[in-house]
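Protein sequence lines correspond, in order, to chains E and U. In this text, residue positions in the first sequence follow the numbering used here: the first is 1, and each later residue adds one. In this text, residue positions in the second sequence follow the numbering used here: the first is 1, and each later residue adds one.
Be aware that a few hints might be false.
Far from chain E, by Cβ distances over 10 Å, these chain U residues were calculated [said to hold, decoys possible]:
1) R6
2) G19
3) E46
4) A61
5) A97
6) P98
7) R102
8) G122
9) E125
10) L131
11) G138
12) L139
Now the stretches of chain U that chain E is said to cover, found in silico as 3 or more residues with beta-carbon under 8 Å [claimed, not checked]:
13) 9–17
14) 51–57
15) 70–76
16) 109–119
Hints are computed from structural coordinates only; laboratory data are not their basis. Computed from a prediction, not measured in an experiment: that's the story for all the values here. Don't be surprised by glycine CBs; every beta carbon is placed ideally from N, CA and C.
For reference, the chains in residue letters:
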Amino acid sequence: MIAFFLVALLLSLISGVLATFIFLPSPRNDLQGLLLRLFVGGGLGLGLSACLYFLSLPAGLSGYIPLIDLAACMALGLIAYVFRERGRREVECPAESQLQDRKAALPKTGSKLETWIATIFAVELLASLGSFLVAFLKEPHGKWDAWLIWNMHARFLYRSGEAWREVFAGGMEWSHWDYPLLLPLSIVRGWKYSGNDSIYIPAAFALLFTLLTLGLLLCALMFLRRRIQGYLAAMILLGTPLFIMMGASQLADVPLAFFMLATLVLLFLPARSPGNRSGALVLSGIAAGLCAWTKNEGLLFLLIVYLLLAGARIDDRDRTGLVRTAAVLLLTPAGYFFVYVLTPLDLGYHLATSLNRLFLQLWPSVIFLFFMVAGAPERAASAGERPGPGAGPGSSMPEKRRRRRVR
Amino acid sequence: MIAKYRATAGWLLLVVLTGYAVLNLLWQNIRSYPDLPETDPVTIHEARIAQLRPLLSPSGAVGYVTTVENGEIFAAEKTFANVEFLAQYVLTQYTLAPRIVRNSPDLPLVVGNFIDGPPAPGFLEKNGLVLLRDLGDGLILYRRERKP
Chain E
1 MIAFFLVALL LSLISGVLAT FIFLPSPRND LQGLLLRLFV GGGLGLGLSA CLYFLSLPAG
61 LSGYIPLIDL AACMALGLIA YVFRERGRRE VECPAESQLQ DRKAALPKTG SKLETWIATI
121 FAVELLASLG SFLVAFLKEP HGKWDAWLIW NMHARFLYRS GEAWREVFAG GMEWSHWDYP
181 LLLPLSIVRG WKYSGNDSIY IPAAFALLFT LLTLGLLLCA LMFLRRRIQG YLAAMILLGT
241 PLFIMMGASQ LADVPLAFFM LATLVLLFLP ARSPGNRSGA LVLSGIAAGL CAWTKNEGLL
301 FLLIVYLLLA GARIDDRDRT GLVRTAAVLL LTPAGYFFVY VLTPLDLGYH LATSLNRLFL
361 QLWPSVIFLF FMVAGAPERA ASAGERPGPG AGPGSSMPEK RRRRRVR
Chain U
1 MIAKYRATAG WLLLVVLTGY AVLNLLWQNI RSYPDLPETD PVTIHEARIA QLRPLLSPSG
61 AVGYVTTVEN GEIFAAEKTF ANVEFLAQYV LTQYTLAPRI VRNSPDLPLV VGNFIDGPPA
121 PGFLEKNGLV LLRDLGDGLI LYRRERKP
């Protein structure tokens, strides 16, 4: 049983790592680069496997998920191989690689101080694993929200079989069936592979995402800065007791933290890969999308990342309109606030029965305003290809001048 | 020279603080370990409710009644007055999934979860609930005979 679950994890891991090889091709990888691939790819692989499982549900193919995973993994392997061969040819006529051989650029490693810090980190890691284990033994089903929401959803989806749709219309609003399904479907996938709904699978995912988050922070800083900074940052995370306790609680907050961190880490890679800027941005976008697929808060994060990637583009002609629209959209909820406070109705009842509709009324206008400010994706992508100061979101000035000249 | 000592003091402080936080958490966990019950409350509740599974169809909905009126289960939790009744209801649903446990006595089969004591006198009669099976420890399966 455990072996089958490990196969599920391995397929996700390989798929994710292959995706990093496709989007971040590199003929030469140092240890830090490979570790970064492993942690970024491992988490993305888990998220993408949950997406694949979700797609297999309406198609009635969830019973064949091991075959589908294997096929996806092989397809990604083939694509990665083709990309690698193409990359090799480019190396023959030298081009800059995505994850370059950075050994020369790195400071000397293996100093006495670094060895000490690494040893202390290892001790802290073991102590934290001990804390995680005790927390699991204390609450093997996780904390309140784990069995009220995430593990409950996983149980319903697993045990309902082909009738999985019915639960969404089951009238169990108290269990928040509007929440995204990355974590429940990852658990269901693990149960499908292992053949039963053991309580160890949700706990294993909790441990996995905790370690992935820690490992990603460690390796990203090792790759982007110095090894010692990676260790110190990871130690700060381990020294945040809430991180370990929330990880062991089997909630979706640590997986969300992982995808948020992965999104941000990947945003640092385009500047270090002049040959292929868009690949890292694509992976970053996928990670941001997985944030939204993990928790509703991730939707806000995704929108902000989108704005950042696409850049802000405010046309001079629209400036007045934008200010007025923004003012209306901010003042209207402020007015609603006073209406709620001043009316004699029970506040809880009043909010519960009307607030969502008030937000819905404003929502199309908010989306309109968002896209009036956001730059067009094509523009951002072409900016990504172009090295230099004009590539980032802060490049609106030259663009503005150019538009003025055209007018 | 000062910058060097400052950097050393910086990482030393960081190591000491994180080390203290990590080891303190472990110590707290180890200290609480002997006081842990042999089985956690969720597992105990699950084992108790699981006795109902063979008596119910593998899918569909069942009703639910407990010591307090159904309307009070969520109301008590919202005012933080008592989360116990909601926890018992949620764990009943958690155990019996994919059957849907409705917070209502208006279904042909109704689960009675009276771990915290019997319901108010006349509640079962008012809702037309007739005992079908008493599984002990406050867990009873009812059949609904008539509409109130």
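Given coverage of the stretch 70–76 of chain U by chain E, checked by CB-CB distance under 8 Å (3 or more): violated (count 1)
Is the Cβ of G122 (chain U) farther than 10 Å from every Cβ of chain E? Given that every Cβ of chain E is farther than 10 Å from that of G122 (chain U), nearest at about 28 Å, it holds.
Non-interface claim for L139 (chain U) versus chain E (Cβ beyond 10 Å): Correct as stated: the minimum Cβ-Cβ distance to chain E is 19 Å, above 10 Å.
Taking 8 Å as the C-beta cutoff, is the stated coverage of the stretch 109–119 of chain U by chain E satisfied by three or more residues? Since 0 is below three, the answer is violated.
Is it the case that R6 (chain U) keeps its Cβ farther than 10 Å from each residue Cβ in chain E? holds, 15 Å
Against chain E, does E125 (chain U) hold up as non-interface, every C-beta pair farther apart than 10 Å? At roughly 27 Å from the nearest Cβ of chain E, E125 (chain U) sits farther out than 10 Å, so the non-interface label holds.
Does E46 (chain U) sit more than 10 Å from chain E, CB to CB? Violated: least Cβ distance 8 Å, not greater than 10 Å.
A cut-off of 10 Å on Cβ-Cβ distance, and A97 (chain U) was said to be off the interface with chain E. Does that hold? It is violated; A97 (chain U) is separated from chain E by about 4 Å at its closest Cβ, not greater than 10 Å.
Is the listed coverage of the stretch 9–17 of chain U by chain E valid when you require three or more residues with a beta carbon under 8 Å from a beta carbon of that chain? It holds: at least three residues are needed, and the stretch 9–17 of chain U offers 4 whose Cβ sits within less than 8 Å of chain E.
Once the closest CB in chain E is found, is it more than 10 Å from G19 (chain U)? Answer for G19 (chain U): violated, closest chain E Cβ roughly 6 Å.
Are all beta-carbon distances from P98 (chain U) to chain E longer than 10 Å? violated, 4 Å
Report holds if the minimum CB distance from L131 (chain U) to chain E is greater than 10 Å, and violated otherwise. holds, 27 Å
Going through the hint list in order, the structure does not satisfy hints 2, 3, 4, 5, 6, 7, 14, 15 and 16.
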